[in-house]
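S.K.: Given chain W, work out where chain H should sit, using these hints.
Same order as they appear, the protein sequences are chains W and H. Under numbering that gives the first Met the number 0, the first residue of the first sequence is numbered 0, with each subsequent residue one higher. Under numbering that gives the first Met the number 0, the first residue of the second sequence is numbered 0, with each subsequent residue one higher.
If you're looking for bench data, these hints aren't it; they were derived computationally from the structure. No residue lacks a Cβ here, since even glycine has one placed at the ideal position from N, Cα and C. Possibly wrong hints are sitting among the right ones.
Claimed, not checked - Some chain H residues well away from chain W (every beta-carbon gap over 12 Å; in silico):
#1 D228
#2 D282
#3 T287
#4 M299
As the list claims (entries may be wrong) - Chain H is nowhere near these chain W residues, computed Cβ spacing over 10 Å in every case:
#5 K58
#6 D95
#7 G158
As the list claims (entries may be wrong) - Pair by pair, the computed Cβ-Cβ distance ranges are:
#8 H:A279 / W:D19: 36 to 44 Å
#9 H:E283 / W:E156: 58 to 66 Å
#10 W:E156 / H:G218: 57 to 65 Å
#11 W:P297 / H:A256: 43 to 51 Å
#12 H:E193 / W:D19: 55 to 63 Å
There are 2 protein chains.
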Amino acid sequence: MSDTLPGGRPAAVETPAPADPRLDRLSLNQWTTRGWTLEQAVDGCVRHGIRSIGLWREKVAEHGPAAAARLVADAGLRVSSLCRGGFLTGDDGNLDDNRAAVDEAAALGAACLVLVVGGLPGVVPGGSPGGGLSRDLALARERVARALDVLAPYAGERGVRLALEPLHPMYCADRAVLSTLAQALDLADRHPVEQVGVVVDTFHVWWDPDVLAQIARAGDRIASYQVSDFLVPLPADVLLARGMMGDGVIDFGPLTAAVRAAGYRGDVEVEIFNADVWAADPDEVVATMKRRFVTEVPPM
Amino acid sequence: MSDTLPGGRPAAVETPAPADPRLDRLSLNQWTTRGWTLEQAVDGCVRHGIRSIGLWREKVAEHGPAAAARLVADAGLRVSSLCRGGFLTGDDGNLDDNRAAVDEAAALGAACLVLVVGGLPGVVPGGSPGGGLSRDLALARERVARALDVLAPYAGERGVRLALEPLHPMYCADRAVLSTLAQALDLADRHPVEQVGVVVDTFHVWWDPDVLAQIARAGDRIASYQVSDFLVPLPADVLLARGMMGDGVIDFGPLTAAVRAAGYRGDVEVEIFNADVWAADPDEVVATMKRRFVTEVPPM
Numbered sequence: 000m001s002d003t004l005p006g007g008r009p010a011a012v013e014t015p016a017p018a019d020p021r022l023d024r025l026s027l028n029q030w031t032t033r034g035w036t037l038e039q040a041v042d043g044c045v046r047h048g049i050r051s052i053g054l055w056r057e058k059v060a061e062h063g064p065a066a067a068a069r070l071v072a073d074a075g076l077r078v079s080s081l082c083r084g085g086f087l088t089g090d091d092g093n094l095d096d097n098r099a100a101v102d103e104a105a106a107l108g109a110a111c112l113v114l115v116v117g118g119l120p121g122v123v124p125g126g127s128p129g130g131g132l133s134r135d136l137a138l139a140r141e142r143v144a145r146a147l148d149v150l151a152p153y154a155g156e157r158g159v160r161l162a163l164e165p166l167h168p169m170y171c172a173d174r175a176v177l178s179t180l181a182q183a184l185d186l187a188d189r190h191p192v193e194q195v196g197v198v199v200d201t202f203h204v205w206w207d208p209d210v211l212a213q214i215a216r217a218g219d220r221i222a223s224y225q226v227s228d229f230l231v232p233l234p235a236d237v238l239l240a241r242g243m244m245g246d247g248v249i250d251f252g253p254l255t256a257a258v259r260a261a262g263y264r265g266d267v268e269v270e271i272f273n274a275d276v277w278a279a280d281p282d283e284v285v286a287t288m289k290r291r292f293v294t295e296v297p298p299m
Numbered sequence: 000m001s002d003t004l005p006g007g008r009p010a011a012v013e014t015p016a017p018a019d020p021r022l023d024r025l026s027l028n029q030w031t032t033r034g035w036t037l038e039q040a041v042d043g044c045v046r047h048g049i050r051s052i053g054l055w056r057e058k059v060a061e062h063g064p065a066a067a068a069r070l071v072a073d074a075g076l077r078v079s080s081l082c083r084g085g086f087l088t089g090d091d092g093n094l095d096d097n098r099a100a101v102d103e104a105a106a107l108g109a110a111c112l113v114l115v116v117g118g119l120p121g122v123v124p125g126g127s128p129g130g131g132l133s134r135d136l137a138l139a140r141e142r143v144a145r146a147l148d149v150l151a152p153y154a155g156e157r158g159v160r161l162a163l164e165p166l167h168p169m170y171c172a173d174r175a176v177l178s179t180l181a182q183a184l185d186l187a188d189r190h191p192v193e194q195v196g197v198v199v200d201t202f203h204v205w206w207d208p209d210v211l212a213q214i215a216r217a218g219d220r221i222a223s224y225q226v227s228d229f230l231v232p233l234p235a236d237v238l239l240a241r242g243m244m245g246d247g248v249i250d251f252g253p254l255t256a257a258v259r260a261a262g263y264r265g266d267v268e269v270e271i272f273n274a275d276v277w278a279a280d281p282d283e284v285v286a287t288m289k290r291r292f293v294t295e296v297p298p299m
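With the rest of the complex left out, here is chain W (with noise of 0.2 Å):
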């Protein structure tokens, strides 16, 4: 490993303090500035006075994991996750790429790798159901808590905590397979709470009549909270029915409290998956997160 990053950076960069105290737990999901490389992030996050970022495998490896985590440190910001891990439901579990995933969170010092539990065997994300569909739900939910198994203590020995990420029920067929706070709940609590916790993400879990006190159950095993809104309509391609807070449906100020009493003192992501958000200038989207943040969602 070199201490020169590509690109001839230097290797230290102070980072100014966030103009208003609100925004100290701000995080940058890179894939919210998704024209990004990883370096342009961190530059971007240093420059808007971000503290934390939530990486993505695939900008990560644009470094390799030892060389990104260097320049994430460099620049004094947190890593608040990892995404992402998961896909379990096919015949082996996938158990080689979530080890590695493992492995790439513990180089980044990363506060959690995000699981997306994959949904029936057969399912391609986003795609039609192939000859080899599986509509066994059962089948695939007991691959997940299977392949959980294993991944738990493995993430366990290299101080890396996993966090299950119920998707909204509209992906269960091609995402995910986890749909509420409280199935991910009763996964992770076979699990050391230091191994397995979950992600609480306004977008996926707003509508859920049971979201508050499954919030208040899950206490220090929320892993990270992560904030973006539900549009509607929805759009063609429903992956990208997150938008900027404020523009949606979703009400910020039940949840983030819940989330506050249930103790969690973590950063707060913003992770849009949108077509605007990523046609537009990233610097412009950053700016609009931050008042957004302070605009629309309660003080943690």
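M.R.: Okay, now just chain H, sitting in the frame of chain W:
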């Protein structure tokens, strides 16, 4: 009220026995063959040996409830449901229209009046939130409970059973803040069982990790069982994501077995909102529906 129906149809039509006893409880929801008038749908049921029909208020209005009731009764059909009342989350609870829907259900002798409770105040179904958007989900849900307090006894006095339909969470903002069977049952349990039941619609509930337990809990609260499949990828208009049984990702086995075990003895409706189905020849749609009902849905 006249004995002569529009179009001069004879007042009594002999209903041939279904060829397969497994079709005895199959009901055609009228919206599946949306291009048909009420009269055409009734004739179609008779022609195809289907003994039950789920009616829609828009179609019933073509004749008025009394004449429609006669048309259906003379064909020897049961009315498995009337769709739909609801949209209770506005300022006024939409009570007048719902009382009218109850009256229509009474006139038709419908087994239940399906209630789609409505989304967040200010969000038009399928549309964008207007200036009147309220993000107060708890308030919207409270309004449903309050409206039901008025409508349940009104329905009870007229021998009509209201059927609360939890809708898939992707419709929470614009169509129904009632998103799970557990939530529907919590609401229903505050009223006599003959006044308020629930709809179990496979499309809406298949993903729910708690669905089998909630169906068991429901017992004789189940007022309607509806089957259609969940398509992936979702079409651009998610309202039209329903498919013919076998075309999507739902395993009808466990759900149907649970509904049977819960003691449900009513009809099984096929309700499909789908642009391709609506564009097809309705007679072919009904023929396919009968075939798939036998091959994909276990005997009730």
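S.K.: Hint by hint, say whether it matches the structure.
M.R.: Now for the hints, and whether the structure bears them out:
{"no.": "1", "hint": "D228", "in the structure": "violated, 10 Å"}
{"no.": "2", "hint": "D282", "in the structure": "holds, 28 Å"}
{"no.": "3", "hint": "T287", "in the structure": "holds, 19 Å"}
{"no.": "4", "hint": "M299", "in the structure": "holds, 19 Å"}
{"no.": "5", "hint": "K58", "in the structure": "holds, 26 Å"}
{"no.": "6", "hint": "D95", "in the structure": "holds, 27 Å"}
{"no.": "7", "hint": "G158", "in the structure": "holds, 30 Å"}
{"no.": "8", "hint": "H:A279 / W:D19: 36 to 44 Å", "in the structure": "violated, 58 Å"}
{"no.": "9", "hint": "H:E283 / W:E156: 58 to 66 Å", "in the structure": "holds, 60 Å"}
{"no.": "10", "hint": "W:E156 / H:G218: 57 to 65 Å", "in the structure": "violated, 48 Å"}
{"no.": "11", "hint": "W:P297 / H:A256: 43 to 51 Å", "in the structure": "holds, 45 Å"}
{"no.": "12", "hint": "H:E193 / W:D19: 55 to 63 Å", "in the structure": "holds, 58 Å"}
Hint check: violations occur at hints 1, 8 and 10; the rest are consistent with the structure.
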